[in-house]
Amino acid sequence: PNVKLVTSDNEEFVVDFRIAKMSVTVSRLMEAMNMSETDDASLLSNSIPLPNVTKAVMARVIEWCEKHKNDEPKEEKENDKRGRTTHVVSDWDKEFLKNDEFGRLCQLMGAANYLEIKGLFNDISQTIANMIHGKKSDEIAEMFNIHCDLTEAEKKEIRKKTAWCED
Amino acid sequence: FIRPCFDLPMDLLALPESFLLKLMRIMARKDRNRLRQTSRNFEKLVAESDAGHFDYCKITYYDFPREKSSEPVLIIHIDEETFSEIEITNDGLKRFLEFSSRIFKTISMNEVRLELADYIFPLDFLRQFLSKFDVELLSFVTYSDIQLEKSRSIIVNFPKSKYSLRTYFHPEYERILSLPPMEDLKILSAHPENLPMTSESFLK
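Protein sequences, first through last, are from chains A and B. If you count the first sequence from 1, you need to add 2 to reach our numbering. If you count the second sequence from 1, you need to add 156 to reach our numbering.
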């Protein structure tokens, strides 16, 4: 069975029921609209409005979901519950995200957050953490267009105070 | 309509709070430290966020003379990372507390392992530093009654944690019985010819 999803720019995407269920937000909406896998009429007569996602971003989300639709559901580890994940971005996911500049990653991340697709959200978070990893502070500032409002004297003082922990 | 690239959000701080807090939890300590040096807003975000969950933190005391300094030091390991030696002087400990308060507000650990020493051990510092920690298991290695007593005084600060203790001397039974229930208790002799006493010895 298929489910119709409508984006903010009025584009309709018809996706497999399994893909629609990968989003907690869509699942909840389907439940609220009494749409079920066994009731074709309910699926045909309804569409799910997604006002916070554009066509371009939705296409990317669906591409990711297509790849992951047969993944085994991951058991939540104790560490995950407490916040820190040992999330490993798979080779396919790295490839999928590698050409996205930061702005596009943010849009995709915003959609993953809104649609509650945890795996995609974790992939993007880890990708951004990896982008920061090992960079110097001025490189991080340049990469993310961060306007540095610290004075040279303050920066020098911070570096002095934290030099020993950079060993 | 596809938004052009220049119209895309490029400000890391403009991202949803849930994302920023998640990012803070998965970043390495050095990366957090460098991010906080990029602007006042990031300095605040890093200082006021949770550093996430780690497997273990090990705190060891060293007092043998070294090239750099003759002061006794604490060495703190968090997972694979090792902090530089923290001199056990008022200035050294104050500097470290200031630093740690700038890179995280809270942190959680599967296990904190402490190897205490008989003398000049900065218990107040340790209590202050560990007050930011949510600890699942607090483990102690002790070699004397003094160290065992210090362990007991730290345990009081972590009523919700589990504990384990390994001693390399034979403490008095009364002292052992005054300890809270342990996940694991091993009483080993510093002399290899003596057999280890285990928690079972107290259950007979």
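In case anyone wonders, no lab produced these hints; they're calculated from the structure. Quick reminder that beta carbons are idealized off the backbone N, C-alpha and C, glycines included. Do not rely on the hints blindly, as some may be mistaken.
As the list claims (entries may be wrong) - When the alpha-carbon atoms are kept at most 25 Å apart in a straight line, the in silico BS3-like pairs for lysine-lysine are as follows:
{"no.": "1", "chain 1": "A", "residue 1": "Lys-162", "chain 2": "B", "residue 2": "Lys-200"}
{"no.": "2", "chain 1": "A", "residue 1": "Lys-96", "chain 2": "B", "residue 2": "Lys-342"}
{"no.": "3", "chain 1": "B", "residue 1": "Lys-318", "chain 2": "A", "residue 2": "Lys-162"}
{"no.": "4", "chain 1": "B", "residue 1": "Lys-261", "chain 2": "A", "residue 2": "Lys-100"}
{"no.": "5", "chain 1": "B", "residue 1": "Lys-306", "chain 2": "B", "residue 2": "Lys-214"}
{"no.": "6", "chain 1": "B", "residue 1": "Lys-261", "chain 2": "A", "residue 2": "Lys-137"}
{"no.": "7", "chain 1": "B", "residue 1": "Lys-214", "chain 2": "A", "residue 2": "Lys-163"}
Unchecked claim - Chain B side only, calculated, beta carbon under 7 Å to chain A, not exhaustive:
{"no.": "8", "residue": "Leu-168"}
{"no.": "9", "residue": "Leu-176"}
{"no.": "10", "residue": "Lys-178"}
{"no.": "11", "residue": "Leu-179"}
{"no.": "12", "residue": "Arg-190"}
{"no.": "13", "residue": "Leu-191"}
{"no.": "14", "residue": "Ser-195"}
{"no.": "15", "residue": "Arg-196"}
{"no.": "16", "residue": "Thr-216"}
{"no.": "17", "residue": "His-326"}
{"no.": "18", "residue": "Pro-327"}
{"no.": "19", "residue": "Glu-328"}
Here is how each hint holds up against the structure:
The hinted pair formed by Lys-162(A) and Lys-200(B) meets the criterion: a straight-line CA distance of about 19 Å does not exceed 25 Å. For the suggested pair Lys-96(A) and Lys-342(B), the alpha carbons sit about 47 Å apart, so the restraint of at most 25 Å is broken. Note on Lys-318(B) and Lys-162(A): the hinted pairing is violated, with a Cα-Cα distance of about 38 Å set against a maximum of 25 Å. Among the hinted pairs, Lys-261(B) with Lys-100(A) is inconsistent with the structure: their alpha-carbon atoms are about 32 Å apart, more than 25 Å.
With a CA separation close to 16 Å, the supplied pair Lys-306(B) and Lys-214(B) stays within the 25 Å bound. Restraint check: the Cα-Cα separation between Lys-261(B) and Lys-137(A) comes to about 23 Å, which is no more than 25 Å; the hinted pair holds. As the CA atoms of Lys-214(B) and Lys-163(A) are separated by approximately 23 Å, the hinted pair is consistent with the 25 Å bound. With 7 Å as the threshold, the beta carbon of Leu-168(B) comes within range of chain A, its nearest partner Cβ sitting at about 4 Å, so the hint holds.
Checking Leu-176(B) against chain A by beta carbon gives a least distance of about 10 Å; that is not within 7 Å, so the hint is violated. For the restraint placing Lys-178(B) at the interface with chain A, the shortest Cβ-Cβ distance is roughly 5 Å, inside the 7 Å limit, so the hint holds. At a threshold of 7 Å, the smallest CB-CB gap from Leu-179(B) to chain A is about 6 Å, leaving the interface hint in force. At about 4 Å, the closest approach between the beta carbon of Arg-190(B) and any beta carbon in chain A falls short of 7 Å, and the interface hint on this residue holds.
A least Cβ separation of about 6 Å between Leu-191(B) and chain A falls short of the 7 Å threshold, and the interface hint therefore holds. The interface hint given for Ser-195(B) holds, since its Cβ lies 5 Å from the closest Cβ of chain A, which is under the 7 Å cut-off. Because the smallest distance between the Cβ of Arg-196(B) and any Cβ of chain A comes to about 5 Å, under 7 Å, the interface hint for this residue holds. Annotation: interface hint on Thr-216(B) violated; nearest CB of chain A at approximately 17 Å, more than 7 Å.
For the restraint placing His-326(B) at the interface with chain A, the shortest Cβ-Cβ distance is roughly 36 Å, beyond the 7 Å limit, so the hint is violated. Given the 7 Å rule on beta carbons, the hint for Pro-327(B) is violated: about 33 Å separates it from the nearest Cβ of chain A. Residue-level restraint check for Glu-328(B) is violated (minimum Cβ-Cβ distance to chain A is 37 Å; threshold 7 Å).
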